[in-house]
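Trainee: What follows is each chain in one-letter form.
2 protein chains.
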Amino acid sequence: MTIAILGGTGPQGRGLALRFALAGLPVAIGSRSGERAAETAAALNAQLEGRSAAPISGVENAAAVNASDRFVILAVPYSAHDETLLDIKGLIEDRILINIVVPLAPGNPRAMAMPQEGSATEAAQALLGPDIAVVGALHNVSAHTLNKLEESINCDVLIAGNSTEAKAEVEGLIAKLGTAVYDAGPAESARCIEAITAILIRLNISKKVPFSHAGVRIWAPSQQ
Amino acid sequence: MTIAILGGTGPQGRGLALRFALAGLPVAIGSRSGERAAETAAALNAQLEGRSAAPISGVENAAAVNASDRFVILAVPYSAHDETLLDIKGLIEDRILINIVVPLAPGNPRAMAMPQEGSATEAAQALLGPDIAVVGALHNVSAHTLNKLEESINCDVLIAGNSTEAKAEVEGLIAKLGTAVYDAGPAESARCIEAITAILIRLNISKKVPFSHAGVRIWAPSQQ
Numbered sequence: 000m001t002i003a004i005l006g007g008t009g010p011q012g013r014g015l016a017l018r019f020a021l022a023g024l025p026v027a028i029g030s031r032s033g034e035r036a037a038e039t040a041a042a043l044n045a046q047l048e049g050r051s052a053a054p055i056s057g058v059e060n061a062a063a064v065n066a067s068d069r070f071v072i073l074a075v076p077y078s079a080h081d082e083t084l085l086d087i088k089g090l091i092e093d094r095i096l097i098n099i100v101v102p103l104a105p106g107n108p109r110a111m112a113m114p115q116e117g118s119a120t121e122a123a124q125a126l127l128g129p130d131i132a133v134v135g136a137l138h139n140v141s142a143h144t145l146n147k148l149e150e151s152i153n154c155d156v157l158i159a160g161n162s163t164e165a166k167a168e169v170e171g172l173i174a175k176l177g178t179a180v181y182d183a184g185p186a187e188s189a190r191c192i193e194a195i196t197a198i199l200i201r202l203n204i205s206k207k208v209p210f211s212h213a214g215v216r217i218w219a220p221s222q223q
Numbered sequence: 000m001t002i003a004i005l006g007g008t009g010p011q012g013r014g015l016a017l018r019f020a021l022a023g024l025p026v027a028i029g030s031r032s033g034e035r036a037a038e039t040a041a042a043l044n045a046q047l048e049g050r051s052a053a054p055i056s057g058v059e060n061a062a063a064v065n066a067s068d069r070f071v072i073l074a075v076p077y078s079a080h081d082e083t084l085l086d087i088k089g090l091i092e093d094r095i096l097i098n099i100v101v102p103l104a105p106g107n108p109r110a111m112a113m114p115q116e117g118s119a120t121e122a123a124q125a126l127l128g129p130d131i132a133v134v135g136a137l138h139n140v141s142a143h144t145l146n147k148l149e150e151s152i153n154c155d156v157l158i159a160g161n162s163t164e165a166k167a168e169v170e171g172l173i174a175k176l177g178t179a180v181y182d183a184g185p186a187e188s189a190r191c192i193e194a195i196t197a198i199l200i201r202l203n204i205s206k207k208v209p210f211s212h213a214g215v216r217i218w219a220p221s222q223q
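Here the protein sequences come in this chain order: A and B. Counted the way numbering that gives the first Met the number 0 counts, the first sequence spans residues 0 to 223. Counted the way numbering that gives the first Met the number 0 counts, the second sequence spans residues 0 to 223.
Hints may be right or wrong, so weigh each one.
Each pair may be met inside one copy or between any two copies, as identical chains are not told apart.
[What the hints assert, rightly or not] Only pairs whose alpha carbons sit at most 16 Å apart, straight line, appear in this in silico EDC-like list of lysine to aspartate or glutamate:
no. : residue 1 : residue 2
1   : Lys-207   : Glu-168
2   : Lys-175   : Asp-155
3   : Lys-207   : Glu-164
4   : Lys-207   : Glu-170
5   : Lys-206   : Glu-82
6   : Lys-88    : Glu-168
7   : Lys-88    : Glu-59
8   : Lys-147   : Glu-92
9   : Lys-147   : Glu-116
10  : Lys-147   : Glu-34
11  : Lys-206   : Asp-81
12  : Lys-88    : Asp-130
13  : Lys-175   : Glu-59
14  : Lys-88    : Glu-187
15  : Lys-206   : Glu-92
In case anyone wonders, no lab produced these hints; they're calculated from the structure. None of the values given here were measured: they were computed from a predicted structure.
Looking at chain A on its own, in the form it has when it is part of the complex:
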């Protein structure tokens, strides 16, 4: 059950690759440069040496999509969002695109610069067309946390998308990382979910809170 992570050489992509490999799922890291992807994959496999983990490979983005059995995670910077999707649009077929991209404002990660469609999730859906299932997810989990393998992830995952069936599959996938996953509704809900990231970054930068790499949790009444 190989998962593709496009933009997998970035900090978010690397952290996710490590976490999914440790959960027993082979990962194909994609990058514009297959060489750089292969180097990153080798470094991540070395990092996991001696632990029980599935293998991580590194190839060009298109080859990563082709290697994926079901899930293609888009983890590029927002500036490469549309271009990467246009490049692989014809290859996705019946796979599910999991979009973790957050449209932070250029030069100001404490603010959003939402695309005309309302959110990156909606923009990706518009770009890929209605026949490809797009699920926004994993926006609020910090790269730092993902890469700190000795710690559990301090963040629940809110997902949004227009296909209930695809969301159920993505819920099952992300639950393997040990986090709570909540279906937050249609793609439009990603306007809120993606924007939570800018608020968390603002808190992390602020000197008024006693921590960085904040996450967000859904909390039940009387839960301690």
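For this one, chain A is given, so just place chain B on it according to the hints.
Mentor: Same frame as chain A, but now just chain B:
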């Protein structure tokens, strides 16, 4: 240090009145009907009998604003948001307007119907003009939780507004309720904060989560 709560006869307003009174702050509940406000105030005072609490009074909205020393909380349904603000605009003077109104979609509380300005907080700021400080706050705390006085509030409070000074004062006020309060940035951040409410309502309605009246928490790494 009397606080005005406009729309204070609704479930959110009543819960806040009880919580602030228990924190030692006198409350003037405002309503379009002074009679209804007085009835609600009497019921709330009766509910607090035997406990150490400041008094709650009930008057017309305009009189509640006049009774307020510093903070005017707007807790009306979104359908009455603009009209109520227009009614009291000339009375606010150097007080701070705390806007807790969430523009839920009519007939569908799981979705938003944001005003043209982007959020209720921004709409209120536009309507009142730049000389009056508007702070969006308390959107995500469920009315049920506010009214369950034996339980602590299961929700952090994210606030947004364009005046740093006003936000610092509002932080101090809300902290008296025993919740963590985080400055989430300028009024524009309210687009996200207000929309979290619709997601929480969706989770509450959904049969897939084992609780209702969900709140949201900012979570540090390695926090248990």
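Trainee: Decide, hint by hint, whether the structure agrees.
Mentor: Verification of the hints:
1. Lys-207 to Glu-168: Between copies only: 14 Å across, 39 Å inside.
2. Lys-175 to Asp-155: within (13 Å within a copy, 27 Å between copies)
3. Lys-207 to Glu-164: between (42 Å within a copy, 14 Å between copies)
4. Lys-207 to Glu-170: Only across copies: Lys-207 and Glu-170 sit 12 Å apart there, 34 Å inside one copy, limit 16 Å.
5. Lys-206 to Glu-82: This pair counts as neither: shortest intra-copy Cα distance 36 Å, inter-copy 39 Å.
6. Lys-88 to Glu-168: Answer is neither; intra-copy 21 Å and inter-copy 50 Å both fail.
7. Lys-88 to Glu-59: within (15 Å within a copy, 59 Å between copies)
8. Lys-147 to Glu-92: neither (34 Å within a copy, 51 Å between copies)
9. Lys-147 to Glu-116: For Lys-147 and Glu-116, the Cα distance exceeds 16 Å both inside one copy (34 Å) and across copies (40 Å).
10. Lys-147 to Glu-34: Neither. Shortest intra-copy (25 Å) and inter-copy (59 Å) distances fail the 16 Å Cα cut-off.
11. Lys-206 to Asp-81: Answer is neither; intra-copy 35 Å and inter-copy 36 Å both fail.
12. Lys-88 to Asp-130: Only inside one copy: Lys-88 and Asp-130 sit 11 Å apart there, 50 Å across copies, limit 16 Å.
13. Lys-175 to Glu-59: neither (26 Å within a copy, 55 Å between copies)
14. Lys-88 to Glu-187: neither (21 Å within a copy, 33 Å between copies)
15. Lys-206 to Glu-92: So Lys-206 and Glu-92 fail the 16 Å test inside a copy (46 Å) and across (32 Å) alike.
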